[in-house]
Amino acid sequence: MPFFAGNDTIKELRTALSDPAVQADKNRYRQVLRRVVSLMTDGADMSPLFPDIIKASATPDLVQKKLTYLYICNYAATQQDLALLAVNTLQKDCLEPNPMVRGLALRTMCSLRIPSLVEYIQMPLKRGLQDSSAYVRRNAVNGCAKMLHIAPELIQDASMIDQLYGMIRDKDPIVVVNCLQALEEILQAEGGVVVNKNIAHYLLNRVQDFSEWGQCQVLHFLLKYKPAEEEETFDIMNIVDVCLKHSNSGVIMAALKYFLFLTEDMPQIQEQVYNRAKSPLLNIITSGGPELSYVALCHIQYILTTSPGLFNKDFKKFFCRYNDPLYVKTKKLHVLTEMATDGTESDIVEELSMYCTDVSTDLATASIQAIGKIARRLPTSASHCVGTLLKIHGLQQEHITSAVLMALKDLVLLYPDIIPKVTPLLPNCVDLVQEGPAKATLVWLLGQYGHTLPNGPYILEDMIENVASEISIQVKLELLTATAKMFFSRPAECQDMLGRLLEYCIDEDTNMAVRDRALMYYRLLHTDVQQARRVILGAANRPVQIQDSDAPGQEIIDLQDLNTLVPIYGRRSWDVMVEEQRRKEQQTKLTNGTSNETDMGAEGGEEDDLEETISLLSPSNLTPQEFETKWEELDCVTTVHLDYDPTHSPNGLLQKLEGAHIFTMASSPEDAAPWKAFLFAVAEMKDQTHLVLVELCVDRTAATMQATCKFDADQMEAAVPLISQFGRILRGTITSP
Amino acid sequence: MISQFVILSQHGDILLFKDYRGDVGKDSPELFLQKIRGLSGGLAPPTFHHDGIHYLHVKHNSLYFMATTRSNVSPFMVIELINRVASLCKDYCGVLSEEAIRLNFPLVYEILDEVIDFGYPQGTSTDMLKAYMENSPVLVREGTTPGLFGAERRMVPSTAANKSIMGTAINQGRKNEIFVDVLERLTVLISTSGSVLRADIDGTIQMKSFLVGVPDISMSLSDNLTVNHEQCFFLLPTGYNSHAHIDECSFHESVDLSEFGQSRVLTIHPPQGEFPVMKYQASGDLPSLLPFRLFPTVNDQDSTRDMELVLKVFCDVPSTSHAVNVMVRVPVPKSTTSVSHQLSGPGQNVEFKAQEHVVAWNIKKFPGATELTARFKLAVANRTPSTRLELGPVSLKFELPMYICSRLQIRFLRLFDHEQSYVPYRWVRYVTHSDSYVIRI
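Protein chains in written order, with the working numbering: chain F, 1 to 737; chain B, 738 to 1178.
You may find that some hints are simply not true.
[As the list claims (entries may be wrong)] When the alpha-carbon atoms are kept at most 20 Å apart in a straight line, the in silico PhoX-like pairs for lysine-lysine are as follows:
id, chain 1, residue 1, chain 2, residue 2
1, F, Lys-278, F, Lys-224
2, F, Lys-245, B, Lys-1016
3, F, Lys-630, F, Lys-656
4, F, Lys-278, B, Lys-1016
5, F, Lys-317, B, Lys-1101
[Stated by the list, open to error] Listed below are several chain F residues computed to face chain B (Cβ distance under 10 Å; list not exhaustive):
id, residue
6, Tyr-327
7, Thr-452
8, Asp-643
These are calculated hints, taken from the structure and not from any lab test. We put the beta carbon where it would ideally sit given N, CA and C, even for glycine.
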């Protein structure tokens, strides 16, 4: 919980930090710093102490140094001006003989996330890449990835990329993995790091050197290389085989995914791989913690959609343990439901029926639903499942009865022969079932099949008596329909009560839907009773199809999704989430009017943008008048901020842009301040052309420039890739040497 | 790659907050807690997403270890990583508790700083990290051993091993010690008719080394151990004439298996800190009897009188062994108003938890080859036909020191040190825990 330290605390800490007595005593000084960091973690604002902490960072005491660096990283972004003071010490530390200090300083410096400090970091970073200590090199390589988001032009530089590619051959395995990760981020626009045959073989040969985390990542990167010949594939599989036996489930899953990827075109071998994967997955479920168990269950559920029979023999491993957390139990129910086959169905249903009496009503309800689902999926099991459901119904508990009724409702439609077994139960349920959806189901069942019960109409009559106190609209609607249906089969008993119900619903009920339905029935009956019967009862034998939203076979499973978060949420909800995220990003981009290039996250969401490439075409004729009117008209705007290199003349810049098919409409004289130019370009994307207008302003004193771009695109889908791509071209052209 | 790593206390205080990538807002712990609290009762899964941010968490000793990310990471890797950070915290602080983290937060920050950089895991081996750690651990006072549940139960509740690996060299006068624990957890399910539906052993040989230097260790397991599973690379002729038997096993990367096939000797080059030497599973026919048998009698014929339940429990381990902290837990009908009981001996008690509808029968010490009986009378307010079905299933929770169901044994533990200058203390302990031991009645 955040709380705010008062001024007194800050004053007190400041006094303590500057007290010579405290400064002289290493331990007391550490204590004060610990307190500062501790308050910072609690969420108190400690930023006023920034200058004092910077002073404290210049110390040979490593404990003290680490604490101060931790503090500086946390507040640097809010104290950009003062952060410059910290750089001094950091730079000095980068030259220390102790590699630990060098590495620490470099890591801290790159984590500051302040664009204005880039020039100070550049040199230490480049030195760090060639440092003799592996520790420093690791941090330097990660530093490159960090700087990418602050100073892309520094990192997306050919020589830098070459150097990183070279460092894949570093002797320290962590440096190697860091290089791959950094390159993947840096080259994201081009599809990430390139893994060719040489690199792949080199990585495979060293696979044992890497730490478990390294192996996870390396196996992921190896997915980029597909061996050409079968023999090579088998060699690779022999090398990676050892990873399948690792104790870290991350490594096992990465290796498994790699195996499946390698055998994609060899279905028979792939089947063997699946079989191979069985026991590690089952082991994670039985002996990993509940969290890993859950993740593994999600994956099994996902795999079951393509290989339904894979775990048939092991179904007992999916039985719930009493101390499993509820999320594991519920997931196990899903898996059990989906893996039930004719052979295992009776054992599974038996087991599921045991969960109905669980203390958790959620689990009880879920297990009843699961039985219903099995019955729907396996027609041969229906009678057994229904028998079990009827037995469970005998428990006479509200949540159980409700769930049983809902499950039976679907089943009576699919298997009409069970109707005589179900109807006698209905009268008992009336007092037990109170909650909206379940009660509505009960009323529906009564309306549909209740006419065979001797007291059928009177059950409804009781409900009609109490309709005024009914809160659920759904129940009222069902009651109307049920009474009307009952009226057609037993008119004498029902006429009176139907009349009362219609009267109440039309005159007194406040809900429009209820009133409308009542009115419709009233008018129908008033006009033509035979027609009303046809409308209300409908055709007797409608074909029935019930689709479960999460039924197997409806999701397309993709190997790429294994060992990611997709199987956890399910493909469909994943797609929904990604789509939502993208829409949100577009909105922020458009409303801000700036394309936020330093947005570091959302790699997932941007991938699609990259597929749509734009190309700039040769000029069409555009008169200054047209330009002016267009400039007024267009409202799709983005602003790109760039650094201006004073050694380049503005005219040289315009020439460069012309080379990239961005043409000048008008510009200020060379030495004007501020210097301005109006540019235009025609972009082609997906066979459509869009006009782009640019206003470029150069501020020489601040060495920055600003490009305001307007786009002729009325559709959101077109605008976003256009904006980002054009921004990239503009940036690329201007910053190119 | 992960964006943030947060450690939260049970009550939602932020004990530690480390931001690696700066692409997730600082309010993520609050959002996380909201979501967790919204789904109480164990419904909140370890991974969920909100507003494009994925939250992955693991609960250790009622502390939340949580990581956030925006990218589509491998959930296996992240959860393993979170677990590893938790066990590193334990290695360095001695115990894993809110107090220990609070006292040692600079140290834990250091760990997080070195283990993960920019969201990518770096190195996590305890001895490698030791070189980079500057803060010294503050030891938590004795007697604050954390709760019994969860991962912690894998360790024998003894404070001997609850010390920081950093502390040893400095504070303990360079005491050389090595702890080896053989831990087995049992998952058993017995049907109403008494037949065993499922019996699984999940075992680990856990080693915690405080040795000075890095001597090689050779550990010999029972030579009559059979391992059979088609996926193990060493296949012995199967058959049940031998005593110890497991289905499947995997080893830590520091284990050399060259002699295992013939003589069942493992050569270990132990890293410092705690690590699993070997994990193994066995299921189906266990080499020894199940440790407990239960004979229930339920008398509910006369609905005017109280429901009567008699539980007779046999402890089927040799008389030289005994079980401790046994708890027999019986879910009772929801409308139970009170429970009276009659026990066969001292050292036991019965607790009726009306809120959870559970009767717990606690037995402090249960000697092997004996039986205990308890008689319960349940006053049930309104009897329905389903009342009987609401009773049970019975679950047993217990700890069996110095007893192992797979009969796996460590024959010897030898240290190879070039100098032979010291005699280390070697501690080998065996324990069987119940994981889920359920008997339907």
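Structure-based check of each hint:
1. F:Lys-278 <-> F:Lys-224: Judged against 20 Å, a Cα distance of about 25 Å means the pair is violated.
2. F:Lys-245 <-> B:Lys-1016: holds (11 Å)
3. F:Lys-630 <-> F:Lys-656: Violated, because 24 Å separates the two Cα atoms, which is more than 20 Å.
4. F:Lys-278 <-> B:Lys-1016: holds (17 Å)
5. F:Lys-317 <-> B:Lys-1101: Since the Cα atoms of Lys-317 (chain F) and Lys-1101 (chain B) sit roughly 31 Å apart, the hinted pair is violated (cutoff 20 Å).
6. Tyr-327: At 4 Å from the nearest chain B Cβ, Tyr-327 (chain F) passes the 10 Å test, so the hint holds.
7. Thr-452: violated (25 Å)
8. Asp-643: With a minimum Cβ separation of about 21 Å from chain B (threshold 10 Å), the hint on Asp-643 (chain F) is violated.
Checked against the numbered hints given earlier, this structure breaks hints 1, 3, 5, 7, 8; the rest are met.
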